[in-house]
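Asker: Residue numbers (our numbering), protein chains in the order written: chain L, 1 to 371; chain C, 1001 to 1245; chain B, 2001 to 2368.
These are computed hints drawn from the structure, not numbers from a lab. Quick reminder that beta carbons are idealized off the backbone N, C-alpha and C, glycines included. Any given hint might turn out to be false.
Claimed, not checked - Heads up, simulated SDA-like pairs for lysine to any residue below, C-alpha to C-alpha not over 20 Å straight-line:
id	chain 1	residue 1	chain 2	residue 2
1	B	K2161	L	K146
2	B	K2062	B	Y2072
3	C	K1074	L	S81
4	B	K2087	L	A254
5	B	K2245	B	Q2167
6	L	K204	B	Q2167
7	L	K204	C	D1090
8	L	K146	B	Q2093
9	L	K14	C	K1093
10	B	K2161	L	V134
11	C	K1077	L	V220
12	L	K146	L	Q90
13	B	K2045	L	T131
14	L	K317	B	K2161
15	L	K369	C	D1067
As the list claims (entries may be wrong) - Over the 12 Å line for every Cβ pair with chain L, so calculated as not near, a few chain C residues:
id	residue
16	K1118
17	A1134
18	A1145
19	A1149
20	E1183
21	M1195
22	K1222
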Amino acid sequence: MLKYLLRKEFRQIKRNAFLPRLIFAFPLMVLLVFPWAASYEIKNLNISIVDNDQSSFSKALTQKIISSNYFRLTDYSVSYSAALKSIEAQKSDIILQIPANFEKNIINAQGAKVMLSANAVNGMKGGIAMTYLVSIINEFNASLIKDLMPLSKSTTNISTIQIDQQYRFNQNLNYRVFMVPALMVMILSLLCGFLPAVSIVFEKELGTIEQMNVSPVPKVLFILAKLIPFWVIGLIVINIGFVVAWAVYGLVPAGHFYTIYFFTIIYILTVSGLGLIISNFAQSLQQAMFIIFFFMLVFIMLSGLYTPIDSMPEWAKWVAAFNPLKYFMEVMRAVYLKGSDILQLWKQLLALIAFSIFFNIIAVISYRKSS
Amino acid sequence: MDNVITATNLTKQFGHFTAVDQISFEVERGEIFGFLGANGAGKTTAMRMLCGLSKPTSGIGTVAGFDIHTQTEKVKKNIGYMSQKFSLYDDLKVWENIELFGGIYGMNDQDIKVKTDKLMYELNFEKERNMLVASLPLGFKQKLAFSVAIFHQPQVVFLDEPTGGVDPVTRRMFWEMIYKAAENGITVFVTTHYMDEAEYCNRVSIMVDGRIEALDSPKNLKAHYSAKNMDEVFQKLARKSQRKE
Amino acid sequence: MKQLLSFVRKEFYHILRDKTTILILLLMPIIQIILFGFALTTEVKDTRVAVLIPQSDEITTKLVERIHASSYFDVVNTIQSSYEIQKTFRDSQAKLVLVFENDFAAKLKHDGIAHIQLIADATDPNAATSFTFYVSNIIASYQQDMIGTMKNPYQITPEVKMLYNPQMIGAFNFVPGVLGMILILICAMMTSIAIVREKEKGTMEILLVSPMRPIYTILAKITPYFVLSCINFLTIIILSVFVLKVPIAGSFFTLVIISMLYIFVALALGLLISTLTESQVAAMLISGMALMIPVMLLSGMIFPIENMPLPLQIFSNVIPARWYISAVKLVMIQGLGFSAIIKEMLVLSFMAITLIVISLKKFKVRLE
């Protein structure tokens, strides 16, 4: 019987004027365009410099900042308030103020000061700008010691802890590498969440569900016939993702493809199950759409897409623990970038299996053949 | 007597509103049973309870020997249903709809194919076989819906106002199909508000405000209410209605 | 005019009858703004750290204690050998591994130099940059305290000031973004679905052949949604100010004006989508799903527009949310006046007019 129900679902999808195109065009468009937008590499920060000293030291510092890769000089402003104007006009991100007597204070070993003011509306960007600027000043300090420290006080007797940094899995700190697997997860979730959410309620609005309800179709088979096409759609989408990630961004999973396929199959069952539950409860197409939209937006925003889950307050971490998308996002990034395998992702696996069983049982129960 | 449908004090309430109020009747095997009533009299609700689409609030009923409270899925195996609103899949072809419902009722590909060929021939539908249902005229759609409802040889077929909105010629053809189905041993339970159609039934019941006000053969009813035709019978009974549409 | 008013009233009754949908529409933004306002933050907090210490000594212990004590880090794990590092990352147990040298304290004392290796999981490059910076700072400050008296006199001390958002609260950045995103998506979905539904049922044709001019019909249709969106806007603002503690630094009035303009643009966008699609499902997929990603990624809500490649920077200009979010940041967070957002006002007004004109043209074509 399932065979006939599946034939029906596939024929309907095939005949829809919009869906087949959407299934191919949507992932392609998103993956071709948006990774380029999703660059959070903070380079070319705009800096306004207020130099009240105009000395060789202040110029040396300025030069060091400009010659770094991170900053682009917007303007030399005459005063702080002039510099603030260019922040307000969004021309610059950070202000460096060098006070008068800067050079004199350094040479006299009195300790000089500079003032840094970053636009922190975007806390992340402001913070990173500040980080870069402070480390440039620290390097400048180190060179000052070398140049000015009298030989008698030579640095030999100062013990130092040498810090070596090593970035793994994404050595070039390329943000795109971080975002491409995440976008694949987003596309998959949207398609395999939105489409099931309308599929049953759509039959309710058309009235065709009556003919099904009055037939001896077992509830489990009806739900299964609604789910299986999304497996196929989801696998098409994930394969498109693989190809684009490789062809356009040169990205192949560090781990195994079969790990991703395995998780994808379970994950599709999870989101599609949720979609079907919504479809069962919704009284109209409109309601179904708003509810799935609500869930999808919350799932995406609380998935660790670009704000780390670790940074969230405790209660929000709990909310995120009930977010299937979060687990799949972790899996995708871990397999793509770190080469994790199923055993190392057992927590995510258990969570997703639990969600998929729970959602699909509810989906079967909430599908009512009689009122 | 072999009763295919029995209902005893069947009642359905929606909140405070009693749509169907303690109706009792039996339908014999092979009968064409007309279920008459004005709009809102409770015909469709009663029929939906018998089909297992709606749970009765109280009262008991059996269809094809199965209880409509506890054995709805068994009931469904043995009935066919054609709803008031056309509810086959518009985006499937004619043969695809037949295949789908044949398959749901447990037929295999081979049986479905043989029977579809025969049906297409009988209906003179060979041209339309490969057309999308959406592109068929209404009369065709209704014939198709009826054929699908009896495709699996159910014991009973429930028809909810099957001829709404079609022309008199098509209606006549439709009733010929109903007669043929009855000859093949399928019990027909049909709601309608066309009184000329009521004349075609073996027995009719007339519902007013959720109750059955009269139940007999058209001939006896006309005699009892001393009316020329069923329309007059109906007018006399329907006048009692308190319900507004 | 009277005709229009009675028509608007009819539309209101129509929408208010579906109580469940209204409830969903009013509750949705409330839950979202609270969730996102609190949970979306890019600040480094509780980053999980693992340490590898071949020989534990006084200095390594103190350093690890100090790192653990900071709010940035949680030292969760001690590993025994460098073979375990990769596994630690793959299991997602830690995002940063600190590898101390053999005989750390002894080397520091006798050789004057000892090495710590910071190995970061750079899957998320920005988080990696930030937390390696923080941990380096902690180590550096420990060292400062250690050498204490031997302070370098030739030093520049930066005084740091974070403008507009001194505590670097995530909500300051995300409230304008979330506001812009929720408003446009909900508005576009509501109008496009409502109008396509009438198209599907055939009732739109009846309205369009009535003696009322199409523009009035359409205005009447979108007025209830406009009111509903204004209510949503107000609830989001009230929650932002009183629950998320994001103050309105500038003029509330200016904020309301630009927001109403933006809502109008969003409704007009929904209208345009409804003229382009024939089914509710298609309308929803376009306005809810396909629109979500560009609004999220190209509006400057998450990713700074100036970092994008030029073609995308140009493309981002057609995203209404980009202009609105920028205006809200300027007014609400930076406290600037009306003159600062004239550009945004003009662009949004232009968009509103264009969208309405195109949709009206499309509707007329359908009639002829």
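Asker: Run every hint past the structure and note whether it holds.
Answerer: So, going through the hints one by one against the coordinates:
no., hint, result
1, B:K2161 to L:K146, "violated (29 Å)"
2, B:K2062 to B:Y2072, "holds (17 Å)"
3, C:K1074 to L:S81, "violated (83 Å)"
4, B:K2087 to L:A254, "holds (14 Å)"
5, B:K2245 to B:Q2167, "holds (12 Å)"
6, L:K204 to B:Q2167, "violated (52 Å)"
7, L:K204 to C:D1090, "holds (14 Å)"
8, L:K146 to B:Q2093, "violated (41 Å)"
9, L:K14 to C:K1093, "holds (13 Å)"
10, B:K2161 to L:V134, "holds (12 Å)"
11, C:K1077 to L:V220, "holds (16 Å)"
12, L:K146 to L:Q90, "violated (38 Å)"
13, B:K2045 to L:T131, "holds (16 Å)"
14, L:K317 to B:K2161, "violated (30 Å)"
15, L:K369 to C:D1067, "holds (16 Å)"
16, K1118, "holds (19 Å)"
17, A1134, "violated (10 Å)"
18, A1145, "violated (8 Å)"
19, A1149, "violated (9 Å)"
20, E1183, "holds (24 Å)"
21, M1195, "holds (26 Å)"
22, K1222, "holds (34 Å)"
Of the hints listed earlier, those the structure fails to meet are numbers 1, 3, 6, 8, 12, 14, 17, 18, 19, in rising order.
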